[in-house]
Every structure is written in C-alpha cells, then in structure tokens.
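Colleague: Same order as they appear, the protein sequences are chains G, S, W and B.
Those letters in the first sequence? Residues 5 to 487, by the working numbering.
Those letters in the second sequence? Residues 5 to 487, by the working numbering.
Those letters in the third sequence? Residues 5 to 487, by the working numbering.
Those letters in the fourth sequence? Residues 5 to 487, by the working numbering.
Check before you lean on any hint, since a few could be wrong.
For identical chains, the list gives no copy identity; a pair is met inside one copy or between any two copies.
For lysine to aspartate or glutamate, the following DMTMM-like pairs were computed, each having C-alpha atoms within a straight-line distance of at most 25 angstroms [unchecked claim]:
| no. | residue 1 | residue 2 |
| --- | --- | --- |
| 1 | Lys185 | Glu84 |
| 2 | Lys291 | Asp352 |
| 3 | Lys436 | Asp252 |
| 4 | Lys88 | Glu401 |
| 5 | Lys378 | Glu254 |
| 6 | Lys291 | Asp399 |
| 7 | Lys185 | Asp92 |
| 8 | Lys461 | Asp258 |
| 9 | Lys307 | Glu254 |
| 10 | Lys91 | Asp148 |
| 11 | Lys307 | Asp258 |
| 12 | Lys185 | Glu143 |
| 13 | Lys272 | Glu426 |
| 14 | Lys89 | Asp455 |
| 15 | Lys307 | Glu265 |
| 16 | Lys179 | Glu140 |
| 17 | Lys423 | Glu83 |
By construction, these hints were calculated from the structure, which means they are not laboratory data.
Owing to the predicted nature of the structure, the values given are computational and were not obtained by experimental measurement.
4 protein chains.
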Amino acid sequence: MINTKTGELLLLLICFSLISNTVISERPSTCPADDLDGGCGFHDSGEWEGEFFPGIPKIKYEGPSSKNPLAYKWYNANEEILGKKMKDWMRFSVAFWHTFRGTGGDPFGAATKMWPWEDGSNSLAMAKRRMRANFEFLEKLGVDRWCFHDRDIAPDGRTLEESNANLDEIVALAKELQGTKIRPLWGTAQLFLHPRYMHGGATSPQIGVYAYAAAQVKKAIEVTHYLGGENYVFWGGREGYQTLLNTDMERELDHMARFFEAAVAYKKKIGFNGTLLIEPKPQEPTKHQYDWDAATTANFLRKYGLIGEFKLNIECNHATLSGHSCHHELETARINGLLGNIDANTGDPQIGWDTDQFLMDISEATLVMLSVIKNGGLSPGGFNFDAKLRRESIDVEDLFIAHVAGMDTLARGLRNAAKLVEDGSLDELVRKRYQSFDTELGALIEAGNADFDLLEKRAMEWGEPQVPSGKQELAEMIFQSAM
Amino acid sequence: MINTKTGELLLLLICFSLISNTVISERPSTCPADDLDGGCGFHDSGEWEGEFFPGIPKIKYEGPSSKNPLAYKWYNANEEILGKKMKDWMRFSVAFWHTFRGTGGDPFGAATKMWPWEDGSNSLAMAKRRMRANFEFLEKLGVDRWCFHDRDIAPDGRTLEESNANLDEIVALAKELQGTKIRPLWGTAQLFLHPRYMHGGATSPQIGVYAYAAAQVKKAIEVTHYLGGENYVFWGGREGYQTLLNTDMERELDHMARFFEAAVAYKKKIGFNGTLLIEPKPQEPTKHQYDWDAATTANFLRKYGLIGEFKLNIECNHATLSGHSCHHELETARINGLLGNIDANTGDPQIGWDTDQFLMDISEATLVMLSVIKNGGLSPGGFNFDAKLRRESIDVEDLFIAHVAGMDTLARGLRNAAKLVEDGSLDELVRKRYQSFDTELGALIEAGNADFDLLEKRAMEWGEPQVPSGKQELAEMIFQSAM
Amino acid sequence: MINTKTGELLLLLICFSLISNTVISERPSTCPADDLDGGCGFHDSGEWEGEFFPGIPKIKYEGPSSKNPLAYKWYNANEEILGKKMKDWMRFSVAFWHTFRGTGGDPFGAATKMWPWEDGSNSLAMAKRRMRANFEFLEKLGVDRWCFHDRDIAPDGRTLEESNANLDEIVALAKELQGTKIRPLWGTAQLFLHPRYMHGGATSPQIGVYAYAAAQVKKAIEVTHYLGGENYVFWGGREGYQTLLNTDMERELDHMARFFEAAVAYKKKIGFNGTLLIEPKPQEPTKHQYDWDAATTANFLRKYGLIGEFKLNIECNHATLSGHSCHHELETARINGLLGNIDANTGDPQIGWDTDQFLMDISEATLVMLSVIKNGGLSPGGFNFDAKLRRESIDVEDLFIAHVAGMDTLARGLRNAAKLVEDGSLDELVRKRYQSFDTELGALIEAGNADFDLLEKRAMEWGEPQVPSGKQELAEMIFQSAM
Amino acid sequence: MINTKTGELLLLLICFSLISNTVISERPSTCPADDLDGGCGFHDSGEWEGEFFPGIPKIKYEGPSSKNPLAYKWYNANEEILGKKMKDWMRFSVAFWHTFRGTGGDPFGAATKMWPWEDGSNSLAMAKRRMRANFEFLEKLGVDRWCFHDRDIAPDGRTLEESNANLDEIVALAKELQGTKIRPLWGTAQLFLHPRYMHGGATSPQIGVYAYAAAQVKKAIEVTHYLGGENYVFWGGREGYQTLLNTDMERELDHMARFFEAAVAYKKKIGFNGTLLIEPKPQEPTKHQYDWDAATTANFLRKYGLIGEFKLNIECNHATLSGHSCHHELETARINGLLGNIDANTGDPQIGWDTDQFLMDISEATLVMLSVIKNGGLSPGGFNFDAKLRRESIDVEDLFIAHVAGMDTLARGLRNAAKLVEDGSLDELVRKRYQSFDTELGALIEAGNADFDLLEKRAMEWGEPQVPSGKQELAEMIFQSAM
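Generate coordinates for the entire structure from the input sequences, incorporating the hints supplied.
Modeller: Quick look at the structure:
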C-alpha cells in the first residue's frame, strides 16, 4: 500500500518524475549530480544566455519547390483557401509535453535526449527556462497556440498546496510571455503519471484519489482560464480497467459522470467559457479505457445527460488503435455534434500501441481536412500536435523538421481538400447516390411518417428495386486526382 | 445497374441462392440436375422416410466421467444451480441457418456438405423436409428453442407476395411441429444475402430497397409473433459503409432510426410483446457496420430516443472482432440495461474475421455465465448457438458433437460461476476495493452533491491518499481455482 | 465422407461451381434456366456479336491534367524512366479470375454481377466467349500479359481426363488469341475451390488428394509452358491448418516439400524455363497457412534444399495481413534473392481479411517501386492485378476505371521513386548512417574476421560511442517531397 | 549527437537508470534524497537485517482443495508424471529483472513499487542486498533456477571496465549464494536500455556500438559460464528498424550474422557448453524486430549457416504479438529442431503490446505442455517466468501469489497433457487422419520417389478421392475433457 504520510516520500516521488522526465545530450550545461543537493535537485539554474535555438531561423514559406528542411513548402499562414486564411483553418498548437518534456524513454529504454537548456533538474528555475524555450519555439515556428498538462509545466510539490503554488509561479511567467498574440489552445491536468492515479482519478476505487483528482482539475481549469485558454481537455488514461475481475465498472462510470458534472459546474462558476473536451482512446495504459472511441464517449455523455456540455478531441492515432480510420472518428464526432479539436498525429498501421508520430501522409491529411471543412472549421478548437520525435531523433533541429513537415502535410491536405470541394465531382457522386430520397416518399420517411404498411404497399407496387453501382473505384480515382 | 423487371431474372436469382445454399454429400437421394427442369428446381421431393438422424440417440446426461461424445457430461437440464434449473439459466436455441443451411462454402471454396436429406433443390417440399429434420434435431438434443431468418426456412419467390406465401406455408408447418413445448427464441429477416441489399437495407441509398426491407421485416415480425417467438433480432450486416468517400453517413443513420421507429410502431400495432434486439458487429461484410459494438449501438439508440425499445443480442465473436472481450461487451450491455440475448460462439484470437466457432473454452464460458448470473438470467432471451461446423467437419454426427460440446462448455461455465458466487471471495475482493466510497463523502459524491470546492478541501485535509494493491493476480488465482 | 464414386456427383459439383461463379446483371442474353437441360448447363451459347465493351475506347495517355476516367494520367507506356520504358518496369498483367470470374459474392452475400456476355452457364462455349472478352479487355487497356488459374478459364469435367480436355480446348483458343504480343505472366492450378482440397492439396492427409493435386499441377505447368508463360505460381490457400489438435504439421510440411521437388523435376523434364513462384499468405482460408510470409517461406525453402528453385510472388494485401508493410515483404524477398513478382493490390488497414482492392495509395506505390528499382526490375516477373472490383461496383466501365486507376497509381509511384533516386538525398542519408563501417575495422567485421577479443579491445580504447540522430522525420520529409 | 566523452555524463546516465529502476513504497528504510549526496547516490546501504519476506513461509504443496494463496495446489515438485518428476519437466526459473527490478513504470506512469529492501540507490551494496533477497525468494518458492541480464544485477559503471568490475563483484556473491543446488537457467546482456543502443547493438549503424555490444556480450557469456548457467540468451529488442527509409536492412542482417558467429566462436573458446538461445519477438520497441518469430529466425540461422549453433527461447506473449498462437510457435520451433526454452507468460488477446502477464489459462498451459512432452522436455532449457506483476499489484505478497499461480497453472497443464497422452484418443484421431500415407505409395512419396507422372497415373486410376471429416469439434471435445 502506498502510504506516503511524510513529506520525504512525496519529495522522493518528485525526484523520480524529475528524472524520468529528464534527458541526455551532448553538453548539459550542468551536471545533475551537482544539482541534487538540498532535497533532490531544486536549485535555481539561472537564466539562459541568448537564444535557445541559435542556429534556427524563423520558419518561412518558400513554396513547393524549396528543398530547405527549415521552410514551409505548403503552409502559407495568411493565404486564403475557401475564403479563410490557412492559419484560421489550422489553428496549430504545439504540445508542451512532447516537445519540451519528451525524453525518448520507452518501456525498454532510458531517455535519449537532454536538450541543451536542460540542467537535469526539475526545479522551478528550470521550469521557467523551459517555458522561455517554448515561446521561442512558437515564435520561430510562427504558431500562436500551445497546450499543456499542469505537471509538465511546473514541478510537483510536497503537498497539493505547494504544487499549486509552483503552478501559479510558472503560469504567471507564461502569461507574461504569451503577450497579446499567443494563447493556450487548451490546458489539462495530468492524472496518469503519479502512482496515486494507478487505479484512475475520477474512477479510482479510493475516495481520496477522487478528491485529489478533483482538486487538481479544479486548479487546472483555473489556470487555463487565467491564461485565456480556449478549451479544456480530459484524457482519462487511467480511467478504465486492467481486468474486470477486480472492477465494478458500473460504479466507476457513475463516479466518472459525477466528476464531469462537478467540472461543468465549476467551469460555469468561475466563468470559463472554453469548451470542455474529452479525448477518446481505446486502451493503453489500461486494458480498456472508458472513453474507448467517439461513439462510446457519446453514449456515456448521453446516458448521464452531459451531451450538451462536452465536445471531443479526436486523435488520429487513438482512432486507428480503436479499429477505426481517423476519418471515421472525425465524421462520427461531427455528426454527433461533438467535433471540437484534433490531436494531429498518426500511428503505424502495423503497430498496436500509441506511437504519436507526426502525420506525414498526404492522403490521410486530405481526409482529415475534408471533415474539418464540413465542420466549418474547428474554432474554438484547433490542431494540437500530439506528436513526438522518434526516440532516435535527438538533434534540436529534429524538433523543427518534424513540426514543419507535420504542418506542411496538413496544409497540403487542406489544399487538396479545397481542390476536391471546388471541383465538386465527388460531392456530386454522393448527392446522386441518395437522390431517390429527395422525393415525396423520401420526405415522408425522413420525417418519420412512413409506416411499415405504407412501405410494404410501395414495395409491392414497385417490384424488384433497381440498385446502381457504388462507384467506389471512381470515387477513389477522383480523390486521388486531387493529391 | 440491377434492373430486374422480369420474372425470369428473379427466378434466376432464386436459383442462385438455392445452389449457394446447397451442399455436397455422399449419396444425395436426388440429382439436382434432374430437379432443375421446370423453373430452376421447384419440385416436390416428397416425404423423407424414417429418421433424419438414424444412428443418433436422444442425448442424455451421463456426468463428467463419461467418454461418450454423444452424451452430456456437464449439462443436466433439470438440475438446480443457484436456485434455478440449468435449462432455465441457459434457454438454449439451435440456429437454423448454420445447422441446416450451412454448406461449408467460404470465400475461396465451394460447398463441402450436403446432408443426406437434401435433394439439391430449394423447393418448398425441400424446405418442409428440412424443417422436419430441424425438429428431430431439437428433440434429440433436448433443446426447446430455435432461431431463424425468413429466407433460410422458406425459398425466395418471384415476387415479394410469392416469397411471403412461401414463408406462410413453411411457418404453418413449423407451428404444427413446434407443438406445445418448442418456440422460436427469435426470428429475423435476412437483409444481406440478396444483391438488392448490397448497399444496405434500412441504410440503402435506394428508397426502393428501404421500402422492400421494411416489407420484409414487417412480414418477419408477423411470423415470429405467429410462432410464439420471444424476441425479434436485427443484424445489420449491410448497414454500414465500404468507403466514406461515397457515403452520407449522417443521412444513412437517420434512415436507420426511422426504420427502427417504424418497426417499434408495427410491433405494438400487432401486439407482439417480444423484445426487439439489435446485434452489434463491427465489420464484415462492410468495412464499418453502424452497430459496431454495444456502446456504439447504445449511443445510436439514445440519440434517436429508442433506448427503451430495444435490447442487445451480444455475440462473443463479434465482441472480439470489435477489440473487446466478450465479457466486456456483456457487462457494457448489462450496465446500460440492454443485455437481452447471447449468440453463443467464439472466434479465433488470431483471426480477423467471423469464424463462428462453437465455444469450447471453459474460462470464457465462466466469465459469460458470471454476467448472466448478475443479470438475473437472460429471459425472455437465451443462448442461441450462432456457431457453425468447421468447413471440414462433414459428418452428420459432427452436428451433434459440436452442439453437445458447446452446451457442455456453457454448462460447465455455469457450474464454475456458481462456485465463485457461492465461495464469495472474489465478490468480497471487489467490495473491499470500493469501500472507501461506502462513507458519508462517498454518498455525497454518488448523489451528485460533492462539488470541486468541497473535494479540494478534503484533498488538502487528507494529504497524499493511500492506494492499495489492485490484487489482480490474486483475483485471477481465485477465478482459476473455480475451473 | 465425400465418396463421389459416380459421375452424377461430380456433375453436381460442376453445376455448383458454375453457379457460384455466375453473376446477375441487367439483361443476361440467355436465361440460365434454359441452359441447364442436358447435364447441368453445357451448351454452346454461340459467338458473341460485336464488341464486348462497346462504349469503351482504347485507353490512352492524356497526362495529369486529364479528367477523363478512361484515360491514363500517369502511365505512359513507352516513356523512359531511369533508362527503361514504363511498360518494361511495370510488366502489367490482368488477373483473369477477378476480372472475368468475380461475381461479387462474399461470405454473407450472393453474386451481384453478371456481365453482359455471360449466359449463366459454365459451358465450354461460354469459356471461349469469356476468353475473347479477356483479349479485348487486354487490347483496350494496352496490357500485354495475363494470369490465370486452370479452373477459371475452363470448366471442370466429370473426370480429370475430361477436365484436362476442356482445358486443352480453351488453351488452344487462348494461344491463338494471344498472337505474337501477348503472353501469360503466369499460370497456376486452382487447388482450393473444390471440396476435395478442403484439407489441402500437397498437405492433405489423404494420399488420393495429394496425387490428384500433383496431376492438376502437372497439367497446369504444361499449359503455362505451351502458352509461353514466363512464370508459374503456387498459392497454397489450403496448405495449412485449422487447428493443431488434429494436425501433424511436420508430416504435412514434409509432404509439401516432396510435392515441390516433384514440380521442379517436372518443370525441368518438359523444358519449362519460367520461374516457379510461391505466393505467401498468412491465413484465410486456413487459420494458419504454411507460406505465412516471405521469411517463413524462405525458411521452408532452405530447410528442404529448394532455395535455388523458387522465387516469391509478394502480394501487398497478404503482407499487411501478416503484420508487415508491403515494403517490408518486398525488401525481405529482395535481400533473400527471392523477389520474383508482385501481386499489385492493397488491403484496408482496419480489416482483418483479404480485400484485394486496387492499390490507390501513391505513397505506398512509391515504396513498392523503390524496391522494384533496387531489384533492377522484376523481369521475367511483373505486376499482376490481383485486385477485384468492390462487390457494389457492378458497371462494366468499373472494370476499366479500376484498372486505369491502379495502373496510374503504380506509374505515379514509379515517377516519384525515380525522383527520389535522381535527387539522391535519401540514399545519401542512408549511406552516411553506415559510413563508420566503411573503415578498416568495418571491413574486418564484415569479412567475419573480428572476434570478441578484438572488439572488446577497441570498445575499451574508444570509450562511450557516439550515436547520431536517426533523422527519421527528415527522411519522411524528403520522401514526402517526392509525392 | 550523443557525445559522452567525459565521465560526468556517464555518471549522469547511471543516475538516470538508477532512478528509472527505482520504486516507491510504504516505508523505504532510507530516503533516497539522503543518498544522493556525493555522486548521485552510490553509498553503501549496509546489510539487511533479518528476512526479506518476513511473513511469507516456504511455499508447500497442499493439493487442489487448498484455499491458501501461498500454497501449491497442482505443483508437487517430486511427484512423477509420465515417468519424470514435475520439477524436471518444468525446470522453473525466476526472472531477476521483473521480480527485483520491476518498478511498475509504464509509458504513461511513474514507478509504483519500491520494495522494503530498496534504498532508492543503485549502489553495489544495494545490488548485493537485492541479490540476497533473490535467493531468499528462490528458497521460499522452492525454485532452483534464475535468469538475469548483466545490468539488472549490477550497476553500470563510468566505463566498461568499471561496469565489468561491478558485475564481477555481484557475480561472486551470487556464486556463493547459489550453493550447490541453484544455477542460472540462463544469463544475457542488456543491449536495449542504454541510449547507446537506440539504433541496435549488433545492428547499430555505428561501429563503436557494435564493438561495445560485443564486449558486453563477451563478458555476459563469461559470467554465465562462471555461475554454471545452462544457457545463454539473445533478445534483440533493438535489432530491427523504426523505418525502412533510413535503414539498410541487408547490411544490418549481415552484421548480426557476423556478431552471432563471433559469439559462437567465443563460447567455444572459453569452453562454455550451454545452449545459445535466440528469443524471437516481432516488434516493440522497434517497429520491426529482425527475430520476428520462430520461422523468421530459423531462416536467418539457415541463411547464415548458423542453424546448428542456436536454439530458440519461445515466449508466449511474443508469439501472440506475431499473429501466432503460442502452441504454433512452440511446434514450429520443435519441428525445426530449435525448441530450447520457454518464457512462460501470456499477453492479453485484445492488447497489441507485450504485457508479460503470468500465464493463468489452463487450456493454454495444456497446449504448451503437449509440445514440451513431444519435445521430450526442455532440458537444458526450462521455463523462465518472464512475467511481471501488474503495475497496480504493489504488495510484497503479490510477488509470491503471482509465481505460485503461474507455476500451478503450468503444473495443471502438465497434468492435463499427461491425461491426454495416457488416454490416447487424440493421438489416435491424428494418426488415423494420415494413415493413407502409411502405404506403399505413401512411402514412395515420403522418400521423394513419386514423380508427377506416377502421381497423375494413380490419380486417374483412382478417380475422385474420398475426403473424410476433419473432426475438429471432436478433437476439441476430447481436449476439453482433460481440463
């Protein structure tokens, strides 16, 4: 039993997460061994001199013929596509955790990365330095939004109060660095890393954990609101089960619903108008996660009367892990009125876990953008790059190359999707398929006024119905011609 | 375009489905070639002399030590388990289609089976003979229920009227053969075999197909009602899509909802009190089937206000194809108030399509029965053997061996589950995990009266929460000890 | 037990396969019901008047800006790419079975297609008419190669002798129609459709089936040779097991090796110089197929001393079913010296069975062509379109649209791959990664002359090795820039 | 680029791996924070007082009716089954890494466990204390074998020399603690945790890493030999690729072969007679691992002439990840003469990554033991428990419960398999299936003396072959009756 009554133990824990979040690199400016005096490494490593990314210029649009890895070939922020600027379609956001806390660790391997500005500690000073790096990164990339978990921007404290104080200090700096242009696309609370959440947060069988999770979410909503965040996300990585043998699934789902209700009430109480988003994922780390996919989450929201209060944050890699195409999940969310945000990444079709790769597939990006266009854009949501460098990509420039390639892929998807929309032949193919319902009987059916007696009567009058070709290959040919 | 205005074409079609439903065997009493004169094979093949299963005795319970393949070792129909007779827990049903229309054909191979009573035709006389075989099979097996699709018990006609007339004639015989003891567990309409349904029935883009499907379901509900059926099932094998590129998913789902509404209205109109069941399946034959899994189907029912009118028919093989354990799907259905019936079969964990094997795994059967016990049984639902002989199992006795083994497996599952319930230690392990909620604050939370302010206050008072071991291995040890 | 001693039964069987190979369409010129007199449908349906594809022109290259579905936008047969004509890189072939015998049947549905030239019979006359349609199709498509199974071009007879005679008659016609330009890319024997092969051909536990399979393959090699076929393929769809419980896997694999040895001997005996190809597939129809993937097949060939006598026919859909990318299987075959031919198709990444779709993904096609270029082309192998129209694609023009789109996709892949090769930066990235082995010690290691003592010595001298970034995102960016 | 020329950096790394290997628990006897002075925590934590597992008795056999979680119900070490003692069939081994270095960390969560004897450091003293705990664990469990990676028993040093010295010191203690009864089942080198191995060891594109890996394996073979180990294992967790775009697969495989050749030579040089084992795994951590499955590894060994020098260590969880049943992989290894050892664990059939759960399924265990019996046992190999407690199982007693349940499951599998062997009806069913080959022609075929001419002659004489039922359901019924 984890019985951590004393501060020492919590301290120990903080030390652990510090290290597991730390990285290795060529020339760490400070040896962590030196940092670890006085309570596991909280010392002020001081201000960073000069740029964090000294060799990297501001990324510019150079057009498709450019061979420069550090230039956009397809993303031209202010260019208009279908009557809207590209940047307003995309609303790109950088994920703080992958970009600044990713270490390259995996279940079989230690960290491979320690960026030059890291000092090996998890101190407040280090957190501030890292935050400054984040804003330089955003600036150089030309991106106006960022996303964060509470615990990846500020260190855990000995107590909840201390953690909150740490968070306040960092958030104040972030607010200052944001200036007038930059905002969080969304914030969230990290309810999965700490061992207290091993059985879940809102669905933990331990009431103390439930209360703790509530307190943490409360604070995270507050700081998201304070920073002008446009959305708040729930990813329930531990809200699920490892085995049904030890689980009361019904009671856990009831608790989760109560938790969400309380979050809605609190959001309203403090005047936070951002969208609450749930991010479905089928499994990993749990065997079964309650927010399995878009439809499962929608069922939960409907069952508990929460359907109007939440939207979904669809992640492409989570979609494919649940057995669906990303396009399917986006469309399912959209037609349930729930498409709120997209975690732009991709998985490997032969791999059964979350690889969180940068989306590099143009066809996939085109399908994604077709859904976004049908949705009239995502605002106040956007595209968050929930994508990480491969473990073996350890150069600072890899951070830029990956984001540039990911943004270009989606931008190219937008251009292709616009071509399809403007060409119109794919839409026309679909419209024609259903035109037999654009009739009097069709109207009756769609209004719920065609009973079985009437339908049988018609069926007998008509005899064997005519059934045309589905024209799938033609549809694929048209789609492909826009690539 | 399928434009079958003439009777000849429909006739052709009937001929096709006849043959694809036919089988090969040692000594067919009649050569189909001879049958095909005068309209593609409708001739009266006359009464069958004597028993259909001459060497097979009535299957008896002989107990676990028996080595007789044609005896029950674990299923003892009238023995009481947890206060109820085994037969009342199980409510077994034989699936007409697998048992009497299964030919062993697969995507790469022709039929391998032609039972001795088959004459190679799809005539009404053959349909009657087959129905008699069905009742002898039920009698010898000691099973009181059966399930059917309209088109597998009676041949398609040249017109809907003729098909209905064929169905009436066969159903009248079935009614007579049923006597007072035997009833359909459920009936259903086959909306997937005929090419008219290639784009779906209720979700076909062709209004004529929608109407035709409605007429067919109308009739199928009528005959199920007439036969005293206790449930009616919808399996939407073609209600889905092959590609989103040519599909208006939202419109199709709206149509499906209108279709179900009309079915509910019609059921009430004719006084059919049986349960309407939807059988989820993720895919196959379509790339995506709208009734993907229990949660997806529940979301659909809730979205369209149909939640009180339907329950689910959970099939274990469909569960695993959707990425869930069968136990998960049963529990999801149960806690959504939707567990109505079980299609008792199993898939192969390494195979990505529906194998519909007889369930032979005792652990799996025990998990299934734990859910059934928690549900207080399945009545008016039951266990339908939606399982087929392997393609290579071509002896008549294989039909009996498979059913006996499948029934024994579930019976053994019931005995094991009862042992676990009576022992109580697994339940106790679960109860203890959640006992921190059996408190004052727990009650507040579960009543929706604990807001984030209160919870934060408690979290700060309590400090770091205690988190006990999940005891998964102990739970597995206890579970296993009951095998 | 299948005990088909009499001619009647075999006749029956022929009738079945006829029907299961038959299709439904708008205006069949002849009602099959009329054909079935005199022995289940062998009548001469006479010559077809005029063109089989009357509205379809010869497909021409019109370039990327064309919107004409019946024109090539990327495949320009005589254009040179990397010093070779496109047609010589591609060596396209039409699969007779999918194109001319595909009916749209699936495990849950009847045939949906009956092309206008079909008369509903499986007669020799019909087989000839179909063969003529095949050559018109090849001509209009501008493709010089075709592939066939013995039983899909000519009907099964009452006896093996009769089947052989049927085959001879059709093959003589094909020879004539081929003229000087057209040849089979490969031929093969269909050892999976007939129920006699339900337990396998070469691996059947029944010696009579083994002998029958040998006789059938003998004949199929002969006719492939006669037609000037450049390769002969073995796809062992039934060579595997459904359950290990009833299987002696070792004995079956021994039999398979003996069978292959005999095939090699026979090929040499008759002077057939074409390549023998094995086509791996992991499963379906069997639970486990012995030629699981490229590596498994290579192990089999090596174990039994057959490695020099066979190459592989890699199918992309089979690759992904076995858990690999198509590119992986091609590369595995290539570096084992076994890349002989490609079955050009694709599966659906979310589907667990063989969908045999036309490859429409440009990135995938580019990866495929990179392997082909590295292999110096595929000759005497080529690309066979082992791809079928979707069940719902029932227009004659769909056959052309699908082939045109599939050929264009691969042609575009070739153009992209050539761009990558000519650009050189991807090759350079790879070369640099390994350059530390282009050294003295590297040469020692690669020659097998660096023992552990030497290596330890160097490791200690060198201290901690330097490990550069893997640059995966950069590689993906470069790859994508060629799309 | 990782350019760690200085000792400081290596020190840093050691600190990292220390922490990532550390755990959290109720009452750590020493606060790690105190340990971290003077160089990241290497201090001597002194001897442990008293027992490591004070409340845990020596585990005894109490028979199936026992409800004691800390007693064997099925494993009775000295009981004879099929003429051999149970302990000699099983040859159980405890995996040091899972049991003593497992922390409960996962890709989304920090460590959850810190056993009471852990002091938070990775010092030599701690390594010794842990080794003593290991031997008390073995003693209490009644198990005579253990398995280890070099780096999990002794801490990494600043240099290879220092690492080797650390290892020597720990190994000397282990040798002493082993006494006369206990031996390593096998040892291995950990070539995956350290970032230097991020691109592989034997297949790293960096020659320095190749040399370093060789030096590490050299030492690991030496200490395994010194400790009397019976086998030596290669698990190439990083020997594979993340993307083919940056990989020269052929050159990497050549390097791997050279590496294995050098290992064989070194083993012989020092007189180590243990078996060299390769452990296949399809993927994770890499996208593709070169030792994908048994057949792939066999192909590699044959291609490079290494087939006689290695056997395989089959892990059930790896088997299912590669798309095979565990039974299939065992049989494939067996009939290739390669079945050397079994990593006894299981995965979750719905999970796409390695869960390394304790095998609790009795049917699965029975299939495993059927292969072991056919193999005449595994000696000098055995069963290593490559299984870990669930992350949420944090009680010390859970370690015992899990091992007891896992051992009992396999013991029960052995008893069931013996029942099947003694009953004989399953073997008889298989023998009969193939009896048509126990004939003159069968002998000719199996000797390679039946050419296609002879076989065709027989096929024509015999006519249509008889094909009996595969009796799969009967086989399953027989199998199940032994459970």
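Colleague: Now tell me, hint by hint, if it's right for this structure.
Modeller: Here is what the structure says about each hint:
1. Lys185 <-> Glu84: within (20 angstroms within a copy, 53 angstroms between copies)
2. Lys291 <-> Asp352: For Lys291 and Asp352, the Cα distance is within 25 angstroms both inside one copy (19 angstroms) and across copies (8 angstroms).
3. Lys436 <-> Asp252: between (49 angstroms within a copy, 11 angstroms between copies)
4. Lys88 <-> Glu401: neither (31 angstroms within a copy, 39 angstroms between copies)
5. Lys378 <-> Glu254: between (36 angstroms within a copy, 12 angstroms between copies)
6. Lys291 <-> Asp399: between (34 angstroms within a copy, 21 angstroms between copies)
7. Lys185 <-> Asp92: within (14 angstroms within a copy, 57 angstroms between copies)
8. Lys461 <-> Asp258: Close across copies (22 angstroms), not inside one copy (47 angstroms); limit 25 angstroms.
9. Lys307 <-> Glu254: The answer is both: 12 angstroms in one copy and 21 angstroms across copies each meet 25 angstroms.
10. Lys91 <-> Asp148: within (9 angstroms within a copy, 50 angstroms between copies)
11. Lys307 <-> Asp258: Answer is both: 10 angstroms inside a copy and 20 angstroms across each meet the 25 angstroms cutoff.
12. Lys185 <-> Glu143: So Lys185 and Glu143 pass the 25 angstroms test inside one copy only (10 angstroms; across, 63 angstroms).
13. Lys272 <-> Glu426: This pair counts as neither: shortest intra-copy Cα distance 41 angstroms, inter-copy 49 angstroms.
14. Lys89 <-> Asp455: neither (48 angstroms within a copy, 42 angstroms between copies)
15. Lys307 <-> Glu265: Answer is both; intra-copy 13 angstroms and inter-copy 20 angstroms each pass.
16. Lys179 <-> Glu140: Cα proximity of Lys179 and Glu140: one copy only (14 angstroms, versus 56 angstroms across).
17. Lys423 <-> Glu83: within (15 angstroms within a copy, 28 angstroms between copies)
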